[in-house]
Amino acid sequence: SQQGEEDPQALSIQEGENATMNCSYKTSINNLQWYRQNSGRGLVHLILIRSNEREKHSGRLRVTLDTSKKSSSLLITASRAADTASYFCATDGNFGNEKLTFGTGTRLTIIP
Amino acid sequence: EPEVTQTPSHQVTQMGQEVILRCVPISNHLYFYWYRQILGQKVEFLVSFYNNEISEKSEIFDDQFSVERPDGSNFTLKIRSTKLEDSAMYFCASSETGLGDETQYFGPGTRLLVL
Chain B
1129 SQQGEEDPQA
1139 LSIQEGENAT
1149 MNCSYKTSIN
1159 NLQWYRQNSG
1169 RGLVHLILIR
1179 SNEREKHSGR
1189 LRVTLDTSKK
1199 SSSLLITASR
1209 AADTASYFCA
1219 TDGNFGNEKL
1229 TFGTGTRLTI
1239 IP
Chain W
62 EPEVTQTPSH
72 QVTQMGQEVI
82 LRCVPISNHL
92 YFYWYRQILG
102 QKVEFLVSFY
112 NNEISEKSEI
122 FDDQFSVERP
132 DGSNFTLKIR
142 STKLEDSAMY
152 FCASSETGLG
162 DETQYFGPGT
172 RLLVL
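Chains as they are written, first to last, in this note's numbering: chain B, 1129 to 1240; chain W, 62 to 176.
Simulated from the structure, these hints should not be mistaken for lab results.
Don't take each hint at face value.
[As the list claims (entries may be wrong)] To be clear about the criterion: a stretch of chain W counts as covered by chain B if any three or more of its residues have a C-beta under 8 Å from a C-beta of chain B, and this derived list gives those stretches:
| # | stretch |
| --- | --- |
| 1 | 73–80 |
| 2 | 126–139 |
[Claimed, not checked] Simulated restraints on C-beta separations:
| # | chain 1 | residue 1 | chain 2 | residue 2 | range |
| --- | --- | --- | --- | --- | --- |
| 3 | W | L91 | B | G1187 | 27 to 35 Å |
| 4 | B | H1173 | W | S70 | 15 to 23 Å |
| 5 | W | V85 | B | S1179 | 29 to 37 Å |
| 6 | W | P63 | B | S1179 | 25 to 33 Å |
| 7 | B | E1181 | W | I99 | 30 to 38 Å |
Glycine included, every Cβ here is placed at the ideal spot set by N, Cα and C.
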């Protein structure tokens, strides 16, 4: 798999349900960031988790990081129609403020 | 809340023409980046810039590309002679120093179409 590869590639759920997206990566990281992208629009930063953190919350978002498995998950609870977007994980290198390597993304559709 | 801005939002150009994409990073940020996203594909890193010089560049960032910080606020990406395959969404991003928040904040992008 490639650095920063998400699964599933696409996910459709009913409004109100929880959505879980996973990301795997290959090399050591300093931090991992999750972004949202509405169709054809810019990248909105959601959350950053450092390599020494295991879990982080922000509102309805919960991110976990398992550096031993080189994987992360993004959980969106109580989904809303406005959560419909593509979600990407992005990893940096070992030292911070380096280039981000993006995954292929998960296309999330919330069905009202 | 401070944000990264980019102009123009859309640019259409003829193959072989030069284009300059402009970005205004968040004012207290010191690290600047350009990425691009070809339609339907991943976001790809192009170049990073710190202390008035390129700190890293990808294979995509060949001699046709250049970056500049002409003044204290703007950060530009120039494509000297555009090719059809340069058609993409170009994103500028900025971040603070390594001592603080390393989040990269992205602008809304410039959609470049090369005909």
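Each hint, compared with the structure:
{"no.": "1", "hint": "73–80", "verdict": "violated (count 0)"}
{"no.": "2", "hint": "126–139", "verdict": "violated (count 0)"}
{"no.": "3", "hint": "W/L91 <-> B/G1187: 27 to 35 Å", "verdict": "holds, 29 Å"}
{"no.": "4", "hint": "B/H1173 <-> W/S70: 15 to 23 Å", "verdict": "holds, 20 Å"}
{"no.": "5", "hint": "W/V85 <-> B/S1179: 29 to 37 Å", "verdict": "holds, 31 Å"}
{"no.": "6", "hint": "W/P63 <-> B/S1179: 25 to 33 Å", "verdict": "holds, 26 Å"}
{"no.": "7", "hint": "B/E1181 <-> W/I99: 30 to 38 Å", "verdict": "holds, 33 Å"}
In summary, the numbered hints that this structure violates are 1 and 2.
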